[in-house]
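J.: Sequence:
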Amino acid sequence: MKSKMLAVLAMALFAMAGTALAGGEPIKIGAVLSVTGPASFLGEPEKNTLTMLEEKINAAGGILGRPVEMIILDDETDVNKAVLAAQRLLKKDNVAAVLGPTVSGNTLAIMNSFPAAKVPLVSCAAAEKIVSPVNPWIFKTAQSDRHAVLSILEHAKKQGYKKLAIITVSDGYGQAGREVLKELIPAGGFEIVADEVYGPKDTDMSAQLTKLKSAAPDAIICWGTNPGPAVIARNRMQLGMDTPLYMSHGVASKKFIELAGEAAEGLLLPAGKLTVAAMLPDADPQKPVLLAYAKDYEAAFKQPVSSFGGYGYDAFYLVKQAIEAGNSADAQAIRDNLEKIKGFVGISGVFNFTPEDHNGLDQSAFVMVTIKNGDWSIVP
Numbered sequence: 001m002k003s004k005m006l007a008v009l010a011m012a013l014f015a016m017a018g019t020a021l022a023g024g025e026p027i028k029i030g031a032v033l034s035v036t037g038p039a040s041f042l043g044e045p046e047k048n049t050l051t052m053l054e055e056k057i058n059a060a061g062g063i064l065g066r067p068v069e070m071i072i073l074d075d076e077t078d079v080n081k082a083v084l085a086a087q088r089l090l091k092k093d094n095v096a097a098v099l100g101p102t103v104s105g106n107t108l109a110i111m112n113s114f115p116a117a118k119v120p121l122v123s124c125a126a127a128e129k130i131v132s133p134v135n136p137w138i139f140k141t142a143q144s145d146r147h148a149v150l151s152i153l154e155h156a157k158k159q160g161y162k163k164l165a166i167i168t169v170s171d172g173y174g175q176a177g178r179e180v181l182k183e184l185i186p187a188g189g190f191e192i193v194a195d196e197v198y199g200p201k202d203t204d205m206s207a208q209l210t211k212l213k214s215a216a217p218d219a220i221i222c223w224g225t226n227p228g229p230a231v232i233a234r235n236r237m238q239l240g241m242d243t244p245l246y247m248s249h250g251v252a253s254k255k256f257i258e259l260a261g262e263a264a265e266g267l268l269l270p271a272g273k274l275t276v277a278a279m280l281p282d283a284d285p286q287k288p289v290l291l292a293y294a295k296d297y298e299a300a301f302k303q304p305v306s307s308f309g310g311y312g313y314d315a316f317y318l319v320k321q322a323i324e325a326g327n328s329a330d331a332q333a334i335r336d337n338l339e340k341i342k343g344f345v346g347i348s349g350v351f352n353f354t355p356e357d358h359n360g361l362d363q364s365a366f367v368m369v370t371i372k373n374g375d376w377s378i379v380p
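Numbering follows full-length UniProt numbering, in which position 121 of the sequence shown is assigned residue number 121; successive positions increment by one, without gaps.
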C-alpha cells in the first residue's frame, strides 16, 4: 500500500514539475474531433496527437511561458454534435482557436459560426469547399481534393488510360471529391464512362461495381473514407474484376489495409509522405519531421502512426507558430499570423499560407503509393 502511495505521489510531483515550467493564464485551444463513431479511425489519432503535443509543449514551458489547455470534444462523427461542440467552445470555453473537425461534413456545418465569433478554425478535413472561397477565419491542414485528383490523373495519363469510372460516397467528403473529379477528369482529356454513388453506411457495393464493370473503363477511382472503400476493394475481388482501382487520400492509413485485407494488394492512391517516410530521400525537408513524429507517436500509443493524426499535428503547431509570431494568444492576432506563415514544414506538407490560400499546400504534398505485400510502397 505504501509503495502505491509513493508511486501516486511521484506521478503528481512529475506532473506539477512539468506544468510549473509554464506560468500564467492557460492558452485555451479547442478541438472538435470524431474520436468515436464511423470516423473514429481518423479522429482517434488526432486526439492522441493533440494530447501528446499538449504534454510535450507544457513540459517544455508552454507557449509564451503560458501553459496550453487543450479542450477536446468528441462529436461522435455526428454533425449535430459537432455543431453543439463548436458552440460550447466558442461561447462557454472562450478558446483562442479551434482545431478540427475531423470530417468535411462536420467542418462545413460549423465553419460559418467562426467569423461572427472572431475565432480561427483550423480544420483537419479535406474538402476543398472548406477554404474555397476563402473565409478569413477558416484554414485547413489536410491536402486538398484537387491536388489528389491531379496526382491520380497524372498517373492515369502515364498508363495511357482514357476512360475512367468514378464511385463516390454520399457524405460531405465524397460529394466534394465528386465535384472535383467531374471537373478535372474531362479537363484532363479523359472521359467519365460511369458515375456511381454509395452511402456511408452501405455494406455491399457489388451492384455499383457491376454497373462500372459494364461500362468497360480503363480504371476506376473510388472516393471515400473507411469502411466503404475497403468494402469496395473486397467486392471488386469477389466479382473477379481486374480493372485498376485508385483510392483517394481518405484511406491513407494502415487501417484501410487491415480492413481490405488481400483485396488491398495493388491498389493505388495519392498519400501524404508520412505513409512512406522511411523511403523518402534524405534531402526531403519533411523526412526528419515525419520520422520524429512517427517515433514519438508509436512509443506513446503502441500503434502505427496515421496521416490523419498528422493533420492534428499540423493544426496544433501552426497555431503555436502564429501565437509566437505575434507574441499574442489573442484570436484576431492568431488569425492574422496564420495567414502569414511561410515554409512551415509539417506532416502533411510544407505550408505557405496567403490571404488567398488558407490551405497552403500544393501537389508536392502527395506521393503516389501502391500497396505491396500488405504495406505501402512508392510508385516509381
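Check each hint, because a few of them may be wrong.
[Said to hold, decoys possible] DSSO-like cross-link-like pairs, simulated, lysine-lysine; straight-line CA separation at most 27 Å:
#1 129 <-> 56
#2 163 <-> 182
#3 163 <-> 118
#4 254 <-> 342
#5 213 <-> 56
#6 157 <-> 213
#7 28 <-> 372
#8 118 <-> 92
#9 56 <-> 372
#10 81 <-> 91
#11 211 <-> 302
#12 28 <-> 213
#13 92 <-> 320
#14 157 <-> 372
#15 287 <-> 372
#16 91 <-> 118
#17 28 <-> 163
#18 295 <-> 129
[What the hints assert, rightly or not] Estimated spans, in silico, between C-beta atoms of each pair:
#19 262 <-> 189: 28 to 36 Å
#20 352 <-> 135: 13 to 21 Å
#21 136 <-> 216: 46 to 54 Å
#22 94 <-> 60: 33 to 41 Å
#23 157 <-> 298: 35 to 43 Å
#24 24 <-> 284: 19 to 27 Å
#25 265 <-> 191: 22 to 30 Å
None of these hints come from the bench; they were simulated from the model.
All values reported here derive from a predicted model rather than from experimental measurement.
All C-beta atoms, glycine included, are put in the ideal place defined by N, C-alpha and C.
J.: For each hint given before, does the structure comply? Return the numbers of the non-compliant ones in rising order.
T.: Failing hints, ascending: 1, 3, 4, 5, 7, 9, 11, 12, 17, 18, 22 and 24.
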